[in-house]
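Chains as they are written, first to last, in this note's numbering: chain A, 1 to 399; chain B, 1 to 381.
Don't read these hints as lab results, they were simulated from the structure.
There's no promise every hint is true.
Computed footprint of chain B on chain A; a stretch qualifies when at least three of its residues, placed anywhere within it, have a C-beta under 8 Å from a C-beta of chain B [claimed, not checked]: (1) 193 to 201; (2) 270 to 276; (3) 288 to 299; (4) 375 to 388.
Here the structure is a predicted model, which means the values were calculated and not measured.
Think of the CB as a built atom: it goes at the ideal place given N, C-alpha and C, for glycine as much as any other residue.
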Amino acid sequence: MADLETFRSEVRSWLEANCPPEMRKPLRLGDELVWGGRREKFSAPDSKLWLERVAGKGWTTPTWPKECGGAGLGGAEARVLSSEMRAFGCRPALVSFGITMLGPVVLQYGTDAQKRQFLPPIARGEIRWCQGYSEPGAGSDLASLQCAAVRDGDHYVVNGQKIWTSEAHLSDWIFCLVRTKKDGPKHDGISFILIDMDQPGVTATPIVLISGASAFCQTFFDNVRVPAANRIGEENAGWTIAKRLLQHEREMLSEPGGGSVGSKAKKRTLAEWARESLGASEGALPDAELRERIARVEMDQLAYNASLRRSADAAKAGRGPGPETSMFKLVLSELNKRRADVRVRIAGVQGLGWIGEGFEQADLEATRLWLGSKAESIAGGTSEVQRNIIAKRVLGLPD
Amino acid sequence: MATTLILNEDQELLRDTAREFVQSKSPVKEMRRLRDARDADGFSRALWKEAAELGWAGIPFAEEYGGAGMGYAELGVVLEELGRTLAPTPILSTVVLAGSAVQLAGSAAQREAILRGICDGSRILALAHQETPRFSAYRCATRAEKTASGWRITGKKLFVLDGAAADTLVVVARVSGGESDRDGLGLFLVSATQKGVAVARTTLIDGRNAAQLAFDGVELNADAALGAAGAAADVLDQVFDRGAAALASEMMGGIQEAYDRTLAYLKTRDQFGVKIGTFQALKHRAADWFCEVELTRGIVLDALRAIDAGSRDAAKLVAVAKARASDVFMQTGEEGVQMHGGIGMTDEEDIGLFLKRARASEQTLGDGSYHRDRFARLSGY
Numbered sequence: 001m002a003d004l005e006t007f008r009s010e011v012r013s014w015l016e017a018n019c020p021p022e023m024r025k026p027l028r029l030g031d032e033l034v035w036g037g038r039r040e041k042f043s044a045p046d047s048k049l050w051l052e053r054v055a056g057k058g059w060t061t062p063t064w065p066k067e068c069g070g071a072g073l074g075g076a077e078a079r080v081l082s083s084e085m086r087a088f089g090c091r092p093a094l095v096s097f098g099i100t101m102l103g104p105v106v107l108q109y110g111t112d113a114q115k116r117q118f119l120p121p122i123a124r125g126e127i128r129w130c131q132g133y134s135e136p137g138a139g140s141d142l143a144s145l146q147c148a149a150v151r152d153g154d155h156y157v158v159n160g161q162k163i164w165t166s167e168a169h170l171s172d173w174i175f176c177l178v179r180t181k182k183d184g185p186k187h188d189g190i191s192f193i194l195i196d197m198d199q200p201g202v203t204a205t206p207i208v209l210i211s212g213a214s215a216f217c218q219t220f221f222d223n224v225r226v227p228a229a230n231r232i233g234e235e236n237a238g239w240t241i242a243k244r245l246l247q248h249e250r251e252m253l254s255e256p257g258g259g260s261v262g263s264k265a266k267k268r269t270l271a272e273w274a275r276e277s278l279g280a281s282e283g284a285l286p287d288a289e290l291r292e293r294i295a296r297v298e299m300d301q302l303a304y305n306a307s308l309r310r311s312a313d314a315a316k317a318g319r320g321p322g323p324e325t326s327m328f329k330l331v332l333s334e335l336n337k338r339r340a341d342v343r344v345r346i347a348g349v350q351g352l353g354w355i356g357e358g359f360e361q362a363d364l365e366a367t368r369l370w371l372g373s374k375a376e377s378i379a380g381g382t383s384e385v386q387r388n389i390i391a392k393r394v395l396g397l398p399d
Numbered sequence: 001m002a003t004t005l006i007l008n009e010d011q012e013l014l015r016d017t018a019r020e021f022v023q024s025k026s027p028v029k030e031m032r033r034l035r036d037a038r039d040a041d042g043f044s045r046a047l048w049k050e051a052a053e054l055g056w057a058g059i060p061f062a063e064e065y066g067g068a069g070m071g072y073a074e075l076g077v078v079l080e081e082l083g084r085t086l087a088p089t090p091i092l093s094t095v096v097l098a099g100s101a102v103q104l105a106g107s108a109a110q111r112e113a114i115l116r117g118i119c120d121g122s123r124i125l126a127l128a129h130q131e132t133p134r135f136s137a138y139r140c141a142t143r144a145e146k147t148a149s150g151w152r153i154t155g156k157k158l159f160v161l162d163g164a165a166a167d168t169l170v171v172v173a174r175v176s177g178g179e180s181d182r183d184g185l186g187l188f189l190v191s192a193t194q195k196g197v198a199v200a201r202t203t204l205i206d207g208r209n210a211a212q213l214a215f216d217g218v219e220l221n222a223d224a225a226l227g228a229a230g231a232a233a234d235v236l237d238q239v240f241d242r243g244a245a246a247l248a249s250e251m252m253g254g255i256q257e258a259y260d261r262t263l264a265y266l267k268t269r270d271q272f273g274v275k276i277g278t279f280q281a282l283k284h285r286a287a288d289w290f291c292e293v294e295l296t297r298g299i300v301l302d303a304l305r306a307i308d309a310g311s312r313d314a315a316k317l318v319a320v321a322k323a324r325a326s327d328v329f330m331q332t333g334e335e336g337v338q339m340h341g342g343i344g345m346t347d348e349e350d351i352g353l354f355l356k357r358a359r360a361s362e363q364t365l366g367d368g369s370y371h372r373d374r375f376a377r378l379s380g381y
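Please take these sequences and the hints and turn them into a complete structure.
Put into structure tokens, the structure is as follows:
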């Protein structure tokens, strides 16, 4: 414990000396988070400097080994680091699927050479990664994927199509599930490979969603040559890795503020919006059903927070992860959808605006957020798939 | 450092002891025995004495009264185990509700006179508060008039838990103000055998009992007032928070047990040549139900710890915990019976007992709707 306190004071003095003042302010409208990669614009002042300093300490990936770009910290130290950064109000230096999703499986399944090649650029934010899992014909039934990788000497030749590849048009590399064997059980013919997108034959096209956003792409592979050395794990053994990575994805999505990127300003509460919209300055909100819907969302959020803390407490005590962890993605995505829905109900007809004059910016954003929130119970495994997983893995119900 | 939401080693030990005691001495069939015998008290005084010897009746009270000087986190551990077997004890009426009122509002002499008897299991108390079919924190038409020698109490009470077994009643009565005012309430200690007190035991669906009481000009000495007469609402708020949190813990035990039993049934019951747990219609309901159970556990633990820490958020967290426990216990009772099918409709199968306890505990100290309203008020809307 004494060591931890020493570490805490070291972190504090380092942050005091090295975190630029601009990076201690909440995100303003127009400021983008740093996702890294070759196309990163570093739109917020000093965000490049902040990334370089944090990465220099190995603190973008604090628990990774030093030779992989990390700082080799233990879990307790990493928690101290993140709590101190929060206490300082530091913006995240880097957000990255390379860190949250790919890195952990490379650490677990990659060769030493692969770790040295791929992990340090992730930690430094030099390469932006996207995920190539779903296909038009392989959604919830992911294992039926058809994107083919055919061996040709020490390369694979990849042909096929991926869909829902997040920000593929802004990404440098893609981690991809490909079919390396056509016959036999569908789970047993899948490999996990890493593909440089900056080469002929790779095309990424954004898809416009119901929210108007286009965060997802279709990505096409036309005779793309990939070194066999870019395969993580054994050939045809990619399904295990795929599932492990999905676990990391679900954990990320169920963290507070995970998944959809956090607020850009201090949010008004649902009750405050309702007060304004209903023109009721004090007392109980006059619309009893709306009031109850608001209370239910806020109360369920408190129960969710308590359960998440309980799970973290159990993990700290060496008793985790318990069965409850598998419920977080399901519960949070359904809760977020309800909150977004209540917010738009509160706005009434002012929640119907799509663009332009006549609407508050906040209402326009809330409406887009409501439409966007529909993805929460679809992406990363639908709520129905989550229920199947809980029934099988946690409840032990028979097939 | 903030308290954690998992049990520490001492609490785990307490849980193990409590589980062993409750499972061996008060399994569900003991609750059935008391119910079928129409036992006058609705619980076993001998068993309560044993529980008191284990220290349970004194968990939240100071050592100077023979208590353990622990908190609601510990009390919750015991209550959850009692809830698993639907074990009836006077812990809620005596220790949590009436005991808290004495602990929080009583003079040194009143605490000395009463708490020791609670801790050693020799005294049963009841809080006589509710007057209307649905729970209300301050609504009270029972009057306390000032007399030359003290007070005169007139009025009627409903649903007084263990009111027919109690030797002493803590009675909420109005000193001033209108029926629903928060101000003007008083707490009074009344002996159950006092002239003018009429006690009618009722028999409830869950086999427990509550009394309907009538006070017909009951004359009290001045020292019968518990705390400042007229300013009891602040004490009542805390008493009800503790009561709701403690009851939510007991409900958590009932929820977990009924859920576990139903899940086991899904894995053993054959229909159409397969286990019924293979059907996705049931799997998805079981998965959603699991999430609700886990979320309830988290917030119940959080609320108990907030009470112990004297946190400003305690009242809100208790409202979430009791609302959730109420709704999820009812869901549990209903899903439990439904998934057991025809056998779930029989008295012989235990699952229906959990449904009945769910309904009774849901209505005790405010249901989900009451606590959502309370949460909204506490949040300023």
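Against the structure, the hints:
no.	hint	result
1	193 to 201	violated (count 0)
2	270 to 276	holds (count 3)
3	288 to 299	holds (count 7)
4	375 to 388	holds (count 4)
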